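Enquirer: When you get a sec, could you build the whole thing from the sequences and use the hints?
The listed protein sequences correspond, in order, to chains A and B. For any residue, its number in this note's numbering is found by taking its place in the first sequence, counting from 1, and adding 199. For any residue, its number in this note's numbering is found by taking its place in the second sequence, counting from 1, and adding 4.
Rather than coming from a laboratory, the hints here were simulated on the basis of the structure. Any given hint could turn out to be false.
[To be verified] Derived contacts from chain A toward chain B, CB cut-off under 7 Å, selection only: (1) Arg230; (2) Leu232; (3) Val277; (4) Lys290; (5) Leu304; (6) Thr318; (7) Ala322.
[Unchecked claim] Which stretches of chain B does chain A cover? Using the computed rule of at least three CB atoms under 8 Å from a CB of chain A, they are: (8) 28 to 39; (9) 171 to 179; (10) 272 to 284; (11) 389 to 403.
Keep in mind the model is a prediction, meaning the values are calculated, not measured. We put the beta carbon where it would ideally sit given N, CA and C, even for glycine.
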Amino acid sequence: MSRIRSDATREPAAPTLETAPARETAPSAGRVLLRGRTVVPGVVEGEALVSHETISGWGGIDPAAGTIIEPRHELFGVCFTGKILVFPGAKGSSGWSGFFQTTRLLGTAPIGMVFAVTTTKAALGAVVTRVPALSDLDGDPVALLRTGDVVRLDATAGTVALLHPAPGTGADR
Amino acid sequence: MILTDTERAMRDGAEGPAVAAAMDLLVRYGEALDAEGLCEVRNVAGTTTQPSPAKARLVAEGGWDKAFSVINLDSDEDLEIPPMAVPTCQLQQGFGPDSVGTVPYPADFVALQSDAEVFYGRRGVSILATCTPYQVGNLPVRGEHCAWMESSAVVYANSVLGARTNCEGTASTGAASLTGRVPCWGNHHDRHRRGTHLVRVDTPVATFQDWGLLGYFVGDVVQEARPVVTGAHALPDLTDLKHFGAAAASSGGVEMYHVPGVTPEAPTVEAAFGGQPVPEAVVFGEAERRATYARLNDQGSSTDVDFVLLGCPHASLDQIRDAARALEGRRLHDGTELWIMAPRALAVVAERSGYTAVIEAAGAKVLTDSCPAMSRTAPPGTRVFATDSAKQAHYLPAILGIEAWFGTTAECVDAAVTGRWRGELR
Numbered sequence: 200m201s202r203i204r205s206d207a208t209r210e211p212a213a214p215t216l217e218t219a220p221a222r223e224t225a226p227s228a229g230r231v232l233l234r235g236r237t238v239v240p241g242v243v244e245g246e247a248l249v250s251h252e253t254i255s256g257w258g259g260i261d262p263a264a265g266t267i268i269e270p271r272h273e274l275f276g277v278c279f280t281g282k283i284l285v286f287p288g289a290k291g292s293s294g295w296s297g298f299f300q301t302t303r304l305l306g307t308a309p310i311g312m313v314f315a316v317t318t319t320k321a322a323l324g325a326v327v328t329r330v331p332a333l334s335d336l337d338g339d340p341v342a343l344l345r346t347g348d349v350v351r352l353d354a355t356a357g358t359v360a361l362l363h364p365a366p367g368t369g370a371d372r
Numbered sequence: 005m006i007l008t009d010t011e012r013a014m015r016d017g018a019e020g021p022a023v024a025a026a027m028d029l030l031v032r033y034g035e036a037l038d039a040e041g042l043c044e045v046r047n048v049a050g051t052t053t054q055p056s057p058a059k060a061r062l063v064a065e066g067g068w069d070k071a072f073s074v075i076n077l078d079s080d081e082d083l084e085i086p087p088m089a090v091p092t093c094q095l096q097q098g099f100g101p102d103s104v105g106t107v108p109y110p111a112d113f114v115a116l117q118s119d120a121e122v123f124y125g126r127r128g129v130s131i132l133a134t135c136t137p138y139q140v141g142n143l144p145v146r147g148e149h150c151a152w153m154e155s156s157a158v159v160y161a162n163s164v165l166g167a168r169t170n171c172e173g174t175a176s177t178g179a180a181s182l183t184g185r186v187p188c189w190g191n192h193h194d195r196h197r198r199g200t201h202l203v204r205v206d207t208p209v210a211t212f213q214d215w216g217l218l219g220y221f222v223g224d225v226v227q228e229a230r231p232v233v234t235g236a237h238a239l240p241d242l243t244d245l246k247h248f249g250a251a252a253a254s255s256g257g258v259e260m261y262h263v264p265g266v267t268p269e270a271p272t273v274e275a276a277f278g279g280q281p282v283p284e285a286v287v288f289g290e291a292e293r294r295a296t297y298a299r300l301n302d303q304g305s306s307t308d309v310d311f312v313l314l315g316c317p318h319a320s321l322d323q324i325r326d327a328a329r330a331l332e333g334r335r336l337h338d339g340t341e342l343w344i345m346a347p348r349a350l351a352v353v354a355e356r357s358g359y360t361a362v363i364e365a366a367g368a369k370v371l372t373d374s375c376p377a378m379s380r381t382a383p384p385g386t387r388v389f390a391t392d393s394a395k396q397a398h399y400l401p402a403i404l405g406i407e408a409w410f411g412t413t414a415e416c417v418d419a420a421v422t423g424r425w426r427g428e429l430r
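Expert: Right under this line is the structure:
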């Protein structure tokens, strides 16, 4: 058996728990909404950005700006930098992972990923973006989470906990 | 994930630090997929030479060794890159020196790519410079495990050739080229190659355009699942299936499909589903055909066409010959350009066959190595483009911020000659 090396030994992509904006909530707080399988271990807290549609890498994002650029996409023009990206899965070109790796190199990466369907594009993309990532969940992440929710993604333990619901949304999910 | 003794030795540095870094990436990636282990591959199609601003910076810092380490192995170490361990080719990339004067592609990128070709050629990377390696001599046999990227090539390799590859990425193909390994997951397993959806074609599907429309529809319906296509379709040729797969891998993430009686792993509908119950059919009828056409054409309002693009994925010889026939004796509209993208090896044949001379006499160009979407470039001032490729119509508006028209090859040639879009679905 081989174990992957700890994510902490690698240069992180984006703010980690230590450098992320401070939250009033203690790390252990929040109700666990989702449990899933570790794709990339690590822990991060931050705002969720929820896409109900699958996301393209190449031809779907601008890595320099950290934005979605597909004109017909629900998040067209929206920036994912510093957000926990919640999406059904990856679609389109095999450039997916390379484009998300570039967001890390250019400092525009999301700080975490939660996706419903495991594909090679999304899995390799999360690995080379080097952010905590979770998949194969026990619920539908894009139905349970809302853009603006502050969540704690513990990809090592395999949980997503809701710390503060997005303004105007309830916590009773 | 379980590693063999050989793989563990690679990871532990027995074959040097670059191979160790490659194995480290494959282990991280395999764990991310929950793969049980790795499988041996002897055919890698990846991307190493394509210029980008991030890559230019890395090359300036530490040469191509550094660029490969960071981008193709996801390693922070300073590694010396050894020769490729298994046969490896370079897919489509940026534009080369022969495009200068035609394509407004940065001169520093042209030079950077030429430099890369020397570096990687010396390490055993065949510079095929096309998104269609299967058109120019890279034809894996049925059942062969490969590590390919380029979604349109992956879907072709799995579905039409019966080879076995996932839709790999830049880092996984880089790591595979130095180790001859890739996670044994997904399309490498029989159980993940069987059909999941039945699509019944109820309206005639016979032309190149029809196959693109059907592919774009199917990809949207099944996303990353595995469609089985039956019904009122004619026998497709290489060019039709190239268009179908590329379209299905653009609107969705299709990596494997079956056309019973045509593709090798589906002698029958029942075989395509591997003995599992055949699901209820999704119908592609005339209404679906028209809706798909409308969706591909909802990105255009101005009918003044500046630019026409043929050959996505890279054109077959048949497509180049057909374009030459359509252009023979005609002249492009002043202010409208027409580019035909082709594999360099086929461009040589097209030139020898006299097709290129006819195309150039009309004022159009046969170009190689790249495409407007890969290189983010089009003729200066392009606002509206037309193409016969569902994939290019899907991507180019997002990449270049321009309007798109999708039609037949003949309609595209007409637009290049008149400067006006007059396409309609027949």
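Enquirer: Please go over all the hints and tell whether each is borne out by the structure.
Expert: Hints, one by one, checked against the model:
Given the 7 Å rule on beta carbons, the hint for arginine 230/A is violated: about 26 Å separates it from the nearest Cβ of chain B. The beta carbon of leucine 232/A is not positioned within 7 Å of any beta carbon in chain B (closest approach about 22 Å), and the interface hint is therefore violated. A least Cβ separation of about 14 Å between valine 277/A and chain B goes past the 7 Å threshold, and the interface hint is therefore violated. Here the hint on lysine 290/A is kept, as its CB sits about 4 Å from the closest CB of chain B, short of 7 Å.
The beta carbon of leucine 304/A is positioned within 7 Å of a beta carbon in chain B (closest approach about 5 Å), and the interface hint is therefore held. At a threshold of 7 Å, the smallest CB-CB gap from threonine 318/A to chain B is about 6 Å, leaving the interface hint in force. Because the smallest distance between the Cβ of alanine 322/A and any Cβ of chain B comes to about 4 Å, under 7 Å, the interface hint for this residue holds. Using a Cβ-Cβ cut-off of 8 Å, 9 residues of the region 28 to 39 of chain B lie near chain A, which meets the minimum of three, so the contact claim holds.
With 6 residues carrying a beta carbon less than 8 Å from a beta carbon of chain A, the region 171 to 179 of chain B meets the three-residue requirement, and the given coverage holds. Counting residues of the region 272 to 284 of chain B whose beta carbon lies closer than 8 Å to any beta carbon of chain A gives 0, which falls short of the minimum of three for the stated coverage. Under a criterion of three residues with beta carbons nearer than 8 Å to beta carbons of chain A, the stated coverage of the region 389 to 403 of chain B is upheld, 5 such residues being counted.
Consistency note: the structure conflicts with the earlier hints numbered 1, 2, 3 and 10.
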